[in-house]
Structure formats: structure tokens, C-alpha cells
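Q: Following the hints, position chains V and S against chain F.
Protein chains in written order, with this note's numbering: chain F, 1 to 376; chain V, 377 to 834; chain S, 835 to 936.
If you are wondering where the hints come from, they were derived from the structure by calculation, not from laboratory data. Treat the hints with care, since some could be wrong.
Claimed, not checked - Partial chain S-side listing against chain F, Cβ under 8 Å, derived: (1) Glu882; (2) Gly886; (3) Asp908; (4) Arg909; (5) Gln927; (6) Glu929.
Note that the structure is a prediction, hence the values are computed from the model and not measured. Just so it is clear, CB atoms sit at the ideal spot from N, CA and C, and this is done for glycine as well.
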Amino acid sequence: MSAASDVIIIGGGLMGSSAALFLRGHGMSVTLLETDLIGRQASGTNFGNVRRQGRPIHQLPLANRALAIWRKSRELLGADVEYLQSGHIRVCYRERPELIEAMEDYAAKARLEGLDLELLTGNALRAKFPFFGSDVLAGSYSAMDGHANPRLAAPAFARAAQRMGATICENTKIVDAQKVGEDFIVTAQDGRTFRAPILLITAGAWGNALSSQFGEPVPIVPRGPNMSVTEPVPYAIHPAVGVMTPVEEETVYFRQVARGNIVLGGSTRGPSYPDDYRAYVLPQNTLSQLKQIRRLAPALGKLNIIRVWSGIEGYMPDSQPVMGPSATTSGLYYAFGFSGSGFQIGPGVGETMAEIIAQGATDIPMEPYKIARFAA
Amino acid sequence: MAEPRIVVVGAGPSGVRAAEAVAKAGLRPTVIDEARRAGGQIYRRQPDNFTRSYEKLYGTEAARAKALHDSFDALAGKIDYRPETLVWNIAAAHVWTANGNAQETLPYDALILCTGATDRLMPVKGWNMAGTYSLGGSQVALKSQAVSIGREVVFMGSGPLLYLVASQYVDAGAKVVGVLDTSSKAARIKALPDLLAMPSVLWNGVQLTRKLSKAGVPVHHQITPVEIIGNSETGVSGVRYRTASGEDKTIGCDAVAVGYHLRPETQLADLARCEFAFDAHTHQWLPQRDADGRASAAGVYLAGDGAKILGARSAEASGKLAALAALSDLGLPVDKGEITALRRDVANYSKFARGLSRAFPWPAAQAAALPDEAIICRCEAVSAGDLRAVMRETGAIEANRAKAFSRVGMGRCQGRYCGLAAAELIAAEAGIPVEQVGRLRGQAPVKPLPIAIGEEEA
Amino acid sequence: MNGRFVRLGETDRPHVALHVDGQAVTALEGDTLMVALLSSGGTLRESEFGDGRRAGFCLMGACQDCWVWTENGDRLRACSTLAASGQRILTSQPEATWPNLG
Chain F
1 MSAASDVIII GGGLMGSSAA LFLRGHGMSV TLLETDLIGR QASGTNFGNV RRQGRPIHQL
61 PLANRALAIW RKSRELLGAD VEYLQSGHIR VCYRERPELI EAMEDYAAKA RLEGLDLELL
121 TGNALRAKFP FFGSDVLAGS YSAMDGHANP RLAAPAFARA AQRMGATICE NTKIVDAQKV
181 GEDFIVTAQD GRTFRAPILL ITAGAWGNAL SSQFGEPVPI VPRGPNMSVT EPVPYAIHPA
241 VGVMTPVEEE TVYFRQVARG NIVLGGSTRG PSYPDDYRAY VLPQNTLSQL KQIRRLAPAL
301 GKLNIIRVWS GIEGYMPDSQ PVMGPSATTS GLYYAFGFSG SGFQIGPGVG ETMAEIIAQG
361 ATDIPMEPYK IARFAA
Chain V
377 MAEPRIVVVG AGPSGVRAAE AVAKAGLRPT VIDEARRAGG QIYRRQPDNF TRSYEKLYGT
437 EAARAKALHD SFDALAGKID YRPETLVWNI AAAHVWTANG NAQETLPYDA LILCTGATDR
497 LMPVKGWNMA GTYSLGGSQV ALKSQAVSIG REVVFMGSGP LLYLVASQYV DAGAKVVGVL
557 DTSSKAARIK ALPDLLAMPS VLWNGVQLTR KLSKAGVPVH HQITPVEIIG NSETGVSGVR
617 YRTASGEDKT IGCDAVAVGY HLRPETQLAD LARCEFAFDA HTHQWLPQRD ADGRASAAGV
677 YLAGDGAKIL GARSAEASGK LAALAALSDL GLPVDKGEIT ALRRDVANYS KFARGLSRAF
737 PWPAAQAAAL PDEAIICRCE AVSAGDLRAV MRETGAIEAN RAKAFSRVGM GRCQGRYCGL
797 AAAELIAAEA GIPVEQVGRL RGQAPVKPLP IAIGEEEA
Chain S
835 MNGRFVRLGE TDRPHVALHV DGQAVTALEG DTLMVALLSS GGTLRESEFG DGRRAGFCLM
895 GACQDCWVWT ENGDRLRACS TLAASGQRIL TSQPEATWPN LG
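Next comes chain F alone, as it looks inside the complex:
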């Protein structure tokens, strides 16, 4: 006998958990199935940027929708996920002056989508944020962006969904999903089966294993972020900070949490192993990250890092997620492959997927995310 509901969600990250909450808001019954515990991989181990700037312009309506949810997260979730709307700065280095033009161009287009960015010269930046090093040429400041705690966010969404009546099944590894007649039958490793007319796959790096069962393989690559955190120091850096660069190794970003620790991320992403459920920070990536942070913010060079971590993320070749209805199977939906950039938009993804499932349409542009773009 299968447990039945209106919607089954496979994958308890931020996407799945927030979709569960918003589907309950539409009055649909939901069962969320998670292999391990809620929000432990990409959703729980990322940097925690609640950042709109830098996203593709076509993604800004979704990012704006997500921002509205972050702003009311405390009331919505009944929990503090340490969301701070304390700004975000994106800078470029002297050796890449051409990026100033790219920043200006981006700011002009972003403004039309409701994202206001203030462009600052290096000296103006250093006057306002004296921690920047002399290599910093210019920056783009978004006052309305910020950051939150990824360890807390997805679990808080899942608990809120549960309070709203969603069924959350942790430690439930799914080994088979298929459509039989009008219903999807989903089977767990321990033999339990779940049945629903609608299936939403929010399984991150494991998404392809499930979409393949419906004839829609996608070229997803599992990787992992390199994260570090310093000892606590007096809280004085409010905005999240990141570097704009075409070179992956040069990528670096940091933010200070209100308790004082500074979270660092960036450099070449490491390997991750979805089958083993493990992701590792390679020591050489930690070293290269620290080198880059010294360049970006030499003042941090006196601190220590006390811990590093990573998690399993799924990357798509075009860095855009797979999101929307299946091209082969009615009642099947996807939202995975967020390519290391899903945290800010996460709640917006959940709300949008719930809207598509419950109402059949959304105003959010979904064209760039269609799974059919990978059809042979």
C-alpha cells in the first residue's frame, strides 16, 4: 500500500523544502523525500549569499521574488535564519579594466529589472570599505542584497512546511521513480512506496539519476565549494563581498556573520562524489583561496581560519538550472542543477514551482531553464 499525496518532492534541499511549504499554501498535500537529512549538501554548505547582482538579467524577476521571501523569512518560517540585508559588493581588479564596462552595462540593464546598483571607483570603495586592497579597481554595490545562514535555512523551510501539514521523510533514499497510469510510484531503498499524480524532482546533483528514468538525461557535473571560516572578530564588515573575474581560481568572496566569524569562499571548486555522499576541500584550493583573499582584503591576513567544508553541488554546462515541466512526462517537474548559485533564488524557486504546479502558469520567465535544451 503506497502513501498517497497530491505531490511528491524528491530532494530535501532548499528548493524542495520551500516548494513543499508553498504547495501547502496552495492547499495541496505534499510528501517530501530526502535521502539523508534536510539541507545537508549544496543547500547547507554554500556561502550563504543572498545576492541578486551578478545573476543573469533574465533571472532577476525570480531573484526579486526570492528577495521578498527572504525579507519576510522570520515571520514565514517562525525561525531566525540569520538573514541580513546588509548589502553586497562586487569588485574587479586593476588588471581587468574592461570589467568596468561590463559592470556599467549590467547595472543599466539590472535597473530596468528593479535591481539598483551603485558603481564606485576603487578609491571611493576604499573610503567606504577600507578593508579593500590596492588591487581593487572598482566595484558595484547593491544595498538591498545580503546574506543568511545556509545551515539553518533549508531545515527551517522544511519545519515550516511540516507545521503546515507537509509530510517530511528524511533518511529515505529513492531508488526508483516511474509513472504508472495517472500516478507516479516512487520506491525507497527500504521498500516503502509513495504515490502521487505529480512529481517534483529537486535532487540537486542527483537530479540526472532521476530525470534519466524519464528519458531526459542531462550533463550535470558534481562539484563542491571551498568554504572556510575565521575565528570571531568584532563585527564590522556588513556587506557580502565578491570578485568579478573570468578566472575560476581568482574567484573569492567573504562575509562576516553577526557573531563575528568571517566566512570565506571561492577558488577552483573541488570534486564531490554523490554516490559516496562525500565532498572534499582539497588543501591546494584552500591555499589558493587564502592567497586570493589576501589580495582582495589584506586586512584579513592577520586572522586564522578554524574550519573548512564543502558539499555536493550539481553544475550544468551553461550554469543555468533545469527548472520547469518535463518534456516527456505530464505531471513531472524539475528544479535542480543550480550550479553553485541557487541559495538566494531558492525560496523563489519553491514559490514559483508551487505556482506552476498548482496554477499551471507563472509570470516568471522560465524559458532559459527548460530541460529540453539538453535533448539530443
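A: Same frame as chain F, now just chains V and S:
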């Protein structure tokens, strides 16, 4: 074939004996140690301008300490010795080391981890106040710096070190105002059959308690710690405890040394991807190894108290044994008879160690009984009540999950001093066996790593 | 409080002169910074999370509860760093050197 590269981490009893065995086989091992001088914690050497004798420093263990130091000194030139160097990560058969801001990466064919132990702690209300030290820390103060941790010192907890350090303090002229032991005399009697595996060590232990009573130091058994009292600015002013008969008493003091035997430093074994298993005797998760010290990870060997708390004598034997195992696996000739003898020694020490864990049991129930206002995680100043509230709100019952939500174990010490107690508290609150709570995963860097790392050439 | 730690011997060593929170302090050659500081004072640092002063805990580089600061912002682990003449130590975390509170 190029000469095999053997890296020994730690220069305590097991590391020194491992390095010695490798050097004896004609190889030149690299010995990496965090300390300024070799010897480990137990045979820690005082700075070279200090003059106290071996007898004064190490008492009954003076000859062993001297032998170990002499052996190490004799290795000069035969080993690549790197003191004051931290192995901060291990990946792909390389150790990543930091000496100040200088970073170096060393490949290995065999890695012998002799990482030693730190104190096992059970939090008590007020233990975050200045003047509370780990028992081992109080011994380091005396042994390597010739200071007492205070004017009037209470020793509280359990384990052989409790009596040893208290009597060392008495000998050195410090004022010891009380020894508060959570274990019972009855437990010691029950453990006698195992403790008789090492009669001379047992005899030394008996002598210590005699010495304390002769010196007029009040020793109380089967007590329950209630609170370290004092002021958050100026520190400790006393200890409140409950006697075996249930009476609350207070001793005035300005320093407390607390410890409940030891716990192995297993972070590097974890980073080397060794498998762990729960040890029901000690309530600790231990890296798995075979009789000779081979870990589950290829090329990794575990010895000494860093693998399991078996004491310094065992550490010397297991260090040598691990080195012989590594040499043998690398195709070098080893003396089979010597291996057999060392295995027998280690088995005997294991029996004695089991006796110690019975005589001085880990008071797991104290964790469950911690009052809500007691700090459980000193680094992050998280209280037992905070942890309980997180459990109630989130349902977290797995160690790493509870850490992620509560920050217990997330601070600078990476859960070394709160992790075991937090697991017991979680288990008691959730009504599950503590092994089901799991263990905090080790995360690099093993100790804080400067952001300036790599700025200097190694 | 005069000092938390009490010397029990080995006092016949050359002196080392350092400054702690701006005050001249005399220690002995071979002292760790921790012993130098706690022979003349009661604590090493402030807990970041409001539960008061700390004075170290493990003395073996494991607990990380004895980090102090130099006047130029460097961090030193007091139990594993030797006291040296000329050191200028702070037992309170200096203000952030990247002021950005606007």
C-alpha cells in the same frame, strides 16, 4: 626504487619509537611535531635553561622519560625533524604542513600517526571561568614551566592523572586544597583483576593516594561536581560538589584542574579517511586498526594514545610495532619475533587500560544532568539549555546535525572539549544510545591556520 | 589580583621585559607568553560571546582559549609562544582594522 618516504606525525613516546625503528632499518623518516621539543605531553621537556632533575620532573617515570629523550637525541641527523610544525590536512598521500606562515606539502608512502591525547572533559557549571584548567594542562604548567595554576588548587574529575598531578603539585610545594574524584573505591576494587596486568603501575598509583593523605590533602570519592563558583571577570573562587551521601559542600580555591582520563586526537586519522568504530568501554569513537596498527586507509598506521588510550608504555610499543608494520608492507625485512613480543606487550597494556576505564568510569550521566545555564561548549559559549532548545525545535539527534544548528563543537577547538559530553547529553535527551548520536567529523585545519599561510617560503 | 599562576621554582633565569596592555611586565627567559601574562595578571582575553574573561585551558595548543593580540594586530597562542623582550601584548581584542559601520 626510490627510498620509501615515511612520515611520522608526533614526537611523543609512540612517535619517537616509530622514528627510531624506521631509522634503524636504514631509512630517514620525517618526524613532524607541533611542540618545540620532542617528548610528547607525558615526557614533555622543560625549556633548556631550566634545571630540575628527571626525578623531580617525572618521578617514578624518570628513567623512561630519560631513555626516550636520549633515544630521540640519538636520532639527530638520522631523521628529518620538523618541530613546531602542524600537519593541518592530509590528501592524496600528502601531508600539508604549516610552520608559522610557511607551508610545505610532503608526499608519503607510509604515514604513522602518533598524535597523542588530550584531556577528556565533562563540563560543569562555571567551567568557562578563568582559573579552570584541564588536568593535563595543570600538569604542563608544572612540568614545563614550573608554575602552579593557582594559589589554592582543587583537582576534580577521575582517572589516574587526577592523583598523579595532585601529588606532583604537593611535591612541588603547591597548595592542593582538595582532590574530588567522581569514581568510587568499589569500582577500583572491581577493576583489580585487569589492573593487575601491570602490578608496578598499580603499586605506583596506590603510593600516590598514600602520599596525598600523608600530606593532609582531603580526598573525596564518588562525588558529583555541582558548580565551579566565582566571577566572570576575576575567575574561580571555589568548587561546589555533592558528596556520596548527597550533601552539598564547597571548597574555596582560585584554580580548578578538571579531567576525566584522556581522549585520543583522531582528527588526522579522520582526514586520512580512516574508518572509525564506537568503543563501548570508553564511549569513544576510535579509528580502526589491526593488531600492528594498520588503519583502513592505505599506507596509514596508527599508534599510541592517538589511536586508543593505552598509556605511555603501550605507546612506545605500539609506535615501534606500527613502524615495523609499515616497513614490512614496504617490503623491508623485519624481525618477526620482535613483532610477536610487541603484540604481546600491547595486549597486556590493553588489559590494564580496560581496568583503568572500569576503575575510573566516564560519568556520562553528568552530561544529562547539566543544568540549562551551564556552558557546554566553551569556544562558542553555548549552554546546555541552548542545545536542548535546539533539539526540541529541530529534532536534531545526530552529532553533526546538532552542531550545525546549535554551534556546539563549531568553535576553535573543533569539539575536542565539548564533543563527547554533548553527545551524551543528546543521547540522554533523545533516549537513544550514545553511539547512535555518532561522532563529530574531523575538519581541516586540525588547528587554526593563518590566512597568511604560504606568504613565506617553506 | 597579583597573578594567577604561582612560580614554584626555576626562578633564577634572566629577565624578559614586555608590555601587556601598555604596562611594563617582567617575565623570565623560557616562559611561555601565557606564564608571563598570568604570573602578573589574572586573565588573557575576553570571551567573544559575553561570558567573561578567559585565562586559557589546556596549555597544550588544543583548546585555542589563550589567543592574545599584539599591538599591531597579530594573533599569538599564548601557551605555545615564548615570551620575548619587546613584545607588546593586548589582552583585549583590538577594534577591527576595517571600520565599516556606516
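Q: Now, for every hint given, state plainly whether the structure supports it.
A: Consistency of the hints with the structure:
no., hint, in the structure
1, Glu882, "4 Å, holds"
2, Gly886, "15 Å, violated"
3, Asp908, "6 Å, holds"
4, Arg909, "6 Å, holds"
5, Gln927, "6 Å, holds"
6, Glu929, "6 Å, holds"
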